[in-house]
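Required output: the full structure, derived from the provided sequences and hints.
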Amino acid sequence: MRKLGKVLLWIVGAVVALALIVLVVRGINGWRYPQPALRRENPADLSTYSGRPGVGVTHVTGTYLNGFHLKPDRVTHRGVVVTFGGSDGGCNWDLANRLADQGYEVLALFFFGQENQRPTLDKVPLEFFGEVLQYVDAHASSAAPVTVVGVSKGGELVSLLPTYYPRIDNVVAYSPGEYVYQGLDYAAPGSSWTWQGRELPYVRFQYSSPQGLADMMVPRLLNTPMRLRTTYETSTARDPDAAAARIDITTLRGHLLTFAGSDDQMWQGDVAAVDLARAKGALGEAHVYPGAGHLFWLPGDHVGGFLMGGTKEANLAAFEDSNRVLAARLADWHR
Numbered sequence: 000m001r002k003l004g005k006v007l008l009w010i011v012g013a014v015v016a017l018a019l020i021v022l023v024v025r026g027i028n029g030w031r032y033p034q035p036a037l038r039r040e041n042p043a044d045l046s047t048y049s050g051r052p053g054v055g056v057t058h059v060t061g062t063y064l065n066g067f068h069l070k071p072d073r074v075t076h077r078g079v080v081v082t083f084g085g086s087d088g089g090c091n092w093d094l095a096n097r098l099a100d101q102g103y104e105v106l107a108l109f110f111f112g113q114e115n116q117r118p119t120l121d122k123v124p125l126e127f128f129g130e131v132l133q134y135v136d137a138h139a140s141s142a143a144p145v146t147v148v149g150v151s152k153g154g155e156l157v158s159l160l161p162t163y164y165p166r167i168d169n170v171v172a173y174s175p176g177e178y179v180y181q182g183l184d185y186a187a188p189g190s191s192w193t194w195q196g197r198e199l200p201y202v203r204f205q206y207s208s209p210q211g212l213a214d215m216m217v218p219r220l221l222n223t224p225m226r227l228r229t230t231y232e233t234s235t236a237r238d239p240d241a242a243a244a245r246i247d248i249t250t251l252r253g254h255l256l257t258f259a260g261s262d263d264q265m266w267q268g269d270v271a272a273v274d275l276a277r278a279k280g281a282l283g284e285a286h287v288y289p290g291a292g293h294l295f296w297l298p299g300d301h302v303g304g305f306l307m308g309g310t311k312e313a314n315l316a317a318f319e320d321s322n323r324v325l326a327a328r329l330a331d332w333h334r
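Under numbering that gives the first Met the number 0, the first residue of the sequence shown carries the number 0, and numbering increases by one thereafter.
Wrong hints could be hidden among the right ones.
Unchecked claim - Using C-beta positions, here's what the derived DEER-type ranges look like: (1) 77 to 188: 37 to 47 Å; (2) 187 to 326: 33 to 43 Å; (3) 326 to 210: 39 to 49 Å; (4) 328 to 93: 10 to 20 Å; (5) 196 to 277: 11 to 21 Å; (6) 289 to 187: 32 to 42 Å; (7) 188 to 141: 38 to 48 Å; (8) 282 to 77: 13 to 23 Å.
Don't read these hints as lab results, they were simulated from the structure.
Only a predicted model underlies this, so the values are computations on that prediction, with no experimental measurement involved.
Think of the CB as a built atom: it goes at the ideal place given N, C-alpha and C, for glycine as much as any other residue.
So, in structure tokens, the structure goes:
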């Protein structure tokens, strides 16, 4: 009996010691991985968006439509550029403003998270873009050409939209996905997108490898940024129905421009950027920047508890060059 008590006491002591070690490691990692300054703590908060001199800004809403119409006092380019953010719930506001300053008429739109939209990035109805085109016809200075721009999950979205809306002329995708992936409502997992009430085929995270699960759970325990790339890569490779979820970019009638970083740690955006452009053929163009991560504007390799990859220098170089390339291509497409 006395021996059993000693064993139990040793086990309790070991558990307490391990818990203390974990607490110390979490504290150290909290210091090592500070949260970088965000442009907006809550990108879906409409009160954080405001106009600027020389550009009229109108909040536009509809059945599912929600976002901003940016119209320069002097519109110098034909057509409309539509911008989307990603899983942050934003509308790519900073890019929209840069383009408006260059004389483009821009719609900076949310695709989830607003009061008239899906609350999470899950089962988003693609029919909403029909409402976007109706707004363009009614309110834009000129209704064509239409270029759509998206980042990350927004890049997945804009790569998918031409399948359902052949009126889209050009697509620009930053760190895109080339598959439809599972949505981000983990309480009721399903496809990220629907069409006519049906979920699109999607890659399911349940097929992720044990390493993918470890890359998510161990950082949670130790308070380090989570690396999701393994989850996306192995789910795609192991899901027997992944082929049905692959995006057919060949339905796009015009140009495809993709950007990505070689050190993308969120998902395989660099691979998707090249594959999508290759599938588009002569009208596809990919730029993969050495050492850059998932988000070019980051001053480091992580944000919001997730590892994005890249260094400050590489991300800045990618940010500047991608802006240069985008400006040149849009000027050509919208002249």
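Evaluation of the provided hints:
In this structure the supplied range 37 to 47 Å holds for residue 77 paired with residue 188, their Cβ-Cβ distance being about 42 Å. For residue 187 and residue 326, the hinted distance range of 33 to 43 Å is satisfied, since their beta carbons lie about 41 Å from each other. Residue 326 and residue 210 have their C-beta atoms about 40 Å apart, which keeps the hinted 39 to 49 Å range intact. Judged by the Cβ atoms, the range 10 to 20 Å given for residue 328 and residue 93 holds: they are separated by roughly 19 Å.
Taking 11 to 21 Å as the suggested C-beta distance range, the pair residue 196 and residue 277 does not conform, at roughly 33 Å. Roughly 40 Å separates the CB atoms of residue 289 and residue 187, a value that falls within the hinted 32 to 42 Å. A hinted range of 38 to 48 Å holds for the C-beta pair residue 188 and residue 141, which are about 42 Å apart. Checked against the hint of 13 to 23 Å, the pair residue 282 and residue 77 passes, with Cβ atoms roughly 19 Å apart.
Hint check: a violation occurs at hint 5 only; the rest are consistent with the structure.
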